[in-house]
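Participant: Residue numbers (the numbering used here), protein chains in the order written: chain L, 7 to 405; chain V, 750 to 1391.
Don't read these hints as lab results, they were simulated from the structure. One or more hints might be untrue.
Covered stretches of chain V (in silico footprint by chain L; criterion: 3 or more residues with CB under 8 angstroms from a CB of chain L, positions within the stretch not fixed) [claimed, not checked]:
| hint | segment |
| --- | --- |
| 1 | 1239 to 1246 |
| 2 | 1320 to 1333 |
Derived DSBU-like pairs (lysine-lysine); straight-line CA-CA distance at most 30 angstroms [stated by the list, open to error]:
| hint | chain 1 | residue 1 | chain 2 | residue 2 |
| --- | --- | --- | --- | --- |
| 3 | V | Lys1126 | V | Lys1187 |
| 4 | L | Lys349 | V | Lys1226 |
| 5 | V | Lys858 | L | Lys359 |
| 6 | V | Lys1226 | V | Lys1254 |
| 7 | L | Lys365 | L | Lys346 |
| 8 | V | Lys851 | L | Lys365 |
| 9 | L | Lys346 | V | Lys792 |
| 10 | L | Lys346 | L | Lys359 |
| 11 | V | Lys1336 | V | Lys1076 |
| 12 | V | Lys1126 | V | Lys988 |
| 13 | V | Lys1076 | V | Lys851 |
| 14 | V | Lys1069 | V | Lys858 |
| 15 | V | Lys1126 | L | Lys234 |
| 16 | L | Lys228 | L | Lys249 |
| 17 | V | Lys792 | V | Lys1069 |
| 18 | V | Lys1126 | V | Lys1336 |
| 19 | V | Lys1176 | L | Lys71 |
| 20 | V | Lys1173 | L | Lys365 |
| 21 | V | Lys988 | V | Lys1173 |
| 22 | V | Lys1187 | V | Lys1003 |
| 23 | V | Lys1226 | V | Lys1076 |
Values in this document were obtained by computation on a predicted structure and should not be read as measured data. Heads up, the beta-carbon is just placed ideally off N, CA and C, and yes, glycines get one too.
Chain residues, written in single-letter form:
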Amino acid sequence: MSAQTIDSQGNALTYATIERDAGLRAALDMTRPDIIDAVSQSGLKGRGGAGFPTGMKWNFCAAEKGDLKYIICNADEGEPGTFKDRVILSRFADLVLEGMTIGGRAIGATLGIVYLRAEYTYLRPHLNEVIKERRKRGVLGTSIMGVEGFDFDIIVAMGAGAYVCGEETALIESLEGFRGEPRNRPPFPAVAGLLNNPTVVNNVETLASVAAIFAKGVDWFKAFGTDKSTGYKLFSVSGDCEKPGVYEFPWGITVAALLEEVGGEGAKAVQIGGASGVCVPAREFARRLAFEDIPTGGSVMVIGPQRDMLDVAENFLEFFVEESCGQCTPCRLGNPQMLKAVKLLKEGACPPKFLADVKALGQTMMVASKCGLGQTSPSAFLSILEHFGDEIHDRAPSA
Amino acid sequence: MSHPTTPIHRAPLSQQHRRVIPTTSPDAIGAQVTVTINGVEAKVPFGATILEAARSVGVQIPTLCDHPDLNVAGVCRMCVVEVEGQRLLQPACTFPVVNQMKVNTHTRKVRQARRHVLQLLLSEHFGECTSCVRNGNCELQSLAEEYGINDFAFGHPEEPLVAEDHSSYSVMRDMNKCIRCRRCVRTCIDIQEVGVLEAIGRSDRVSIETYEDRPLGSVVCINCGQCVNRCPVGALYAKDETDAVWAAIDDPEKHVVIQTAPAPRSAMGELFGLEPGTPVTFEMNTALRRAGFDHVFDTNFSADLTIMEEGTELILRLYKALVLGHKDVALPQFTSCSPGWVKFLEHFYPEYLPNASSAKSPQQMFGALIKTYYAEKLGLDPGNIVSVALMPCSAKKFECNRPEMHDSGYQDVDYGLTTRELGKMFKEAGLHVPSLPKSDFDDPFGTATGSGVIFGATGGVMESALRTVIELVTGEKVESIYDHGDIVPVRGFDGVRYAEITVPKVGPVPEILAHLVPDWEWLNGATLKVAVAHGTANAKKVMDDIKAGGKFSECHFIEFMACPGGCLGGGGQPIPTNAAIRAARAKAIYAEDHAYSVRKSYENPAVARTYAEFLTDGPGGHKAHKLLHTEYTARGRHIPQE
Ligand SMILES: Cc1cc2nc3c(=O)[nH]c(=O)nc-3n(C[C@H](O)[C@H](O)[C@H](O)COP(=O)(O)O)c2cc1C
Ligand code: SF4
Ligand code: SF4
Ligand code: SF4
Ligand code: SF4
Ligand code: FES
């Protein structure tokens, strides 16, 4: 699917109604602690997948001493089936940069960096154009909007195509010019991030939401969603449905309701959260997309009745075997074992002991891997094994 | 707005400390925290890791990628533990404790995870313990035993996946055994700043490679073997030449002699279960004879000779620069007895090769004399002499093989054995070194001085040179200036040390140097500026400072050793290594120095005899130059592909 079609499909997006610069203006009338407080009050949680409360993250970073701090916009969007950040960047870049500027004000950063996925290189001139224009307008640069001492600028840095570089500490390593490999945490980036300085890393959508929150108010934002998952969220919908595209829904929508909206009612399962997410079978379609039920960075892959679930698992595991940074043992060597099990299952030739060993290994990977990649890579396969046992085990052994 | 530029250093800045500080709050620095490990309370300094806390109460946690000399990595996941209240297991080696933390180190989940880690590692580990250099001293092997690995749940390779790399004279690589712990990578970058090895590729395709995967023998590797000393398994090992040495011993035609360097003698005991720092010098002499070596010599003899030649060279350089006003004299003079350092200089600072002393290392001086002076004296055919050197060092193997090291007309030193190799030979010959009677070194090079012994520790060459220079110049006993003649400012383990030594008075020029300088007046009251650096990362600091015209460019003489701790931490020494072990070895070396009655090189009677009988035109003279000095090759960093 080309950029044009996918960017223009879906439903109407609230971001289109947000007046640019309004949020920044409102934020600059507040003290820095009050800005962070407002973000905390809004209940905003990170839209990049992990769902960490944004206000809390900013607070940690603001509490650190030091003149050099950074705010990084994570635009690496590498999760299979995710393309909502691309839509935001191409249509609402101003809001993202504005969110960064508000964040920079809040934590005391002087530089913002957009870490842009290599495949999105075509967006780079556009982003640079918007940045230039913002500088001209006085909403980037020195004494922003006339506020004495508030100096903040933004640059765009390019990724090089590794999925793992979306993980915030690998992203920082990559920015420093090293192999994109996740770091040990703690220390967290908010304490020791880019070049050892306190650094906030936020997802594109998180930052756009920040701009919206300040433009329209905390209460406006909280009116969307559930108690624990406030606001609205963009979903990248793909797979076996009639109307794939980027959709906005308030948090708390059921899987069934979403499927109805996108024309995917006949699905036998939905993979939520991309390759690293979970596979939800049809009998659980009443569950909600929300941090308290099915948390997600926004990828929804509809799996039609004709699909072989082992193909689905194989596809994801091939992705992880390709993309693991290869640093830690459970992920480096565990994913290939998972993949081997899937292939054996497909042939109807997986010895029961091996399957049991691999399932146990999956549990180890989820708790002993160094970063989110290895901690989540077995989950799709394990949920498919759990929910589609009949389909898998009834297979005749190949001759 | 100025932002720092990207550091060249590989380790993430946030992880360059051994200690992981989870907050920068100054109130917390120096504070104590109380944690519970398996129900036992531990009080540790703020910032300590779970691993450190556990050790403090006697709880062992298995590790593989962790090494006390290196930055934390947190990659093997062998050390994972359960922290109450957390879903994820946490790596004990990197995770800092906080107050009231409750840790369980051996729960079912944890044991399961560790077993999985081991089984996964074994799934790509091709190797047979019975035919492996690290059999009995392998961290993977012992953990597999501890964790009762009794099957290969995830498979086990039946044949090698990659060819071994035997291209280097010093360091062999068998990547079939590599567990990707990256201790070698961190060693080569963090400790040595050479950066030969790097993890290449992703996922299960990660491998530890050189630049463009070229053979180790044709990249900038300095052969220091520090990576070997820190590899937990048999993936890296020093070249083994014991078979060739046995063959020479077994050949009745050959006259096999061995010189032994001081550092191995302070460490050999470790291979026989003795505490580090238990010297076995004289027991080893007996073992060597019983193993079949015809004569056993002490490298200290040629260390003393090195001091004479190198010291003379320094005096001459200073004289030319300060008195004769020559502009082209290269100062500071650098020591050149560490072949790892020499290769480092050749690759990374070739423009400073004129600063390196042209004096050969003690090993090579001895080698050149054995096949000339010694052969003549004993009426032996030098072609039948097999000259072996026991060294703490893997780079010495490379050094023996340098094409310029043939000044005797033969390869001056045939084999450089490491401490580990000789230990193996002793075991094979049934020689339990600690229980053997003591015996002395053989003549004609028998008597050594303490100055030679301390060559084995960082600062030792400097101290020896200073002892000799001070006495030659002042005509006074060095003991009258320094207690016991110990020049303490140049001792210790700080990576870089700087000292200023004032020449309090001058005496008459001694006979042995009379042909070189007319008097010492020009040194009266002068201040000698000297420095010591060990580990090439530290050497690099000094070199960069010199290049920038900093304080070290004002020095007169600098001792450089490639290995941390000097030779006692050499790449051929017993494994494991850590700061405590190196300190214990250093203690043994300084104790041996104190035991010598003659502690200044120029007083060594064998040295005096050699000049009198053989190198008759004295230190720095023509004959000495032919046999005891050498030249270097500007290699640079860009090595053309073969
Ligand atoms: C393997 C992996 C890939 C990730 N990729 C992305 C990504 O492409 N974009 C993103 O925003 N977050 C990604 N994350 C999450 C980030 O580590 C981080 O949590 C996020 O950028 C924080 O922003 P937020 O709090 O605004 O969500 C990834 C995490 C992992 C473990
Ligand atoms: S979990 Fe995978 S991607 Fe993450 S650090 Fe480990 S090997 Fe790298
Ligand atoms: S490296 Fe260790 S485990 Fe492997 S073969 Fe050698 S001794 Fe055995
Ligand atoms: S021998 Fe020394 S220089 Fe060579 S790879 Fe090992 S650590 Fe690096
Ligand atoms: S060669 Fe040795 S030290 Fe290097 S990664 Fe492999 S096992 Fe670790
Ligand atoms: S020893 Fe802790 S992760 Fe390797």
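Participant: All hints, please: hold or fail.
Facilitator: Right, here's what the structure says about each hint:
no. : hint                    : in the structure
1   : 1239 to 1246            : violated (count 0)
2   : 1320 to 1333            : violated (count 0)
3   : V:Lys1126 <-> V:Lys1187 : 27 angstroms, holds
4   : L:Lys349 <-> V:Lys1226  : 81 angstroms, violated
5   : V:Lys858 <-> L:Lys359   : 19 angstroms, holds
6   : V:Lys1226 <-> V:Lys1254 : 12 angstroms, holds
7   : L:Lys365 <-> L:Lys346   : 12 angstroms, holds
8   : V:Lys851 <-> L:Lys365   : 28 angstroms, holds
9   : L:Lys346 <-> V:Lys792   : 46 angstroms, violated
10  : L:Lys346 <-> L:Lys359   : 14 angstroms, holds
11  : V:Lys1336 <-> V:Lys1076 : 42 angstroms, violated
12  : V:Lys1126 <-> V:Lys988  : 33 angstroms, violated
13  : V:Lys1076 <-> V:Lys851  : 68 angstroms, violated
14  : V:Lys1069 <-> V:Lys858  : 72 angstroms, violated
15  : V:Lys1126 <-> L:Lys234  : 93 angstroms, violated
16  : L:Lys228 <-> L:Lys249   : 29 angstroms, holds
17  : V:Lys792 <-> V:Lys1069  : 61 angstroms, violated
18  : V:Lys1126 <-> V:Lys1336 : 37 angstroms, violated
19  : V:Lys1176 <-> L:Lys71   : 59 angstroms, violated
20  : V:Lys1173 <-> L:Lys365  : 44 angstroms, violated
21  : V:Lys988 <-> V:Lys1173  : 13 angstroms, holds
22  : V:Lys1187 <-> V:Lys1003 : 26 angstroms, holds
23  : V:Lys1226 <-> V:Lys1076 : 34 angstroms, violated
In this structure, the hints that do not hold are numbers 1, 2, 4, 9, 11, 12, 13, 14, 15, 17, 18, 19, 20 and 23, in rising order.
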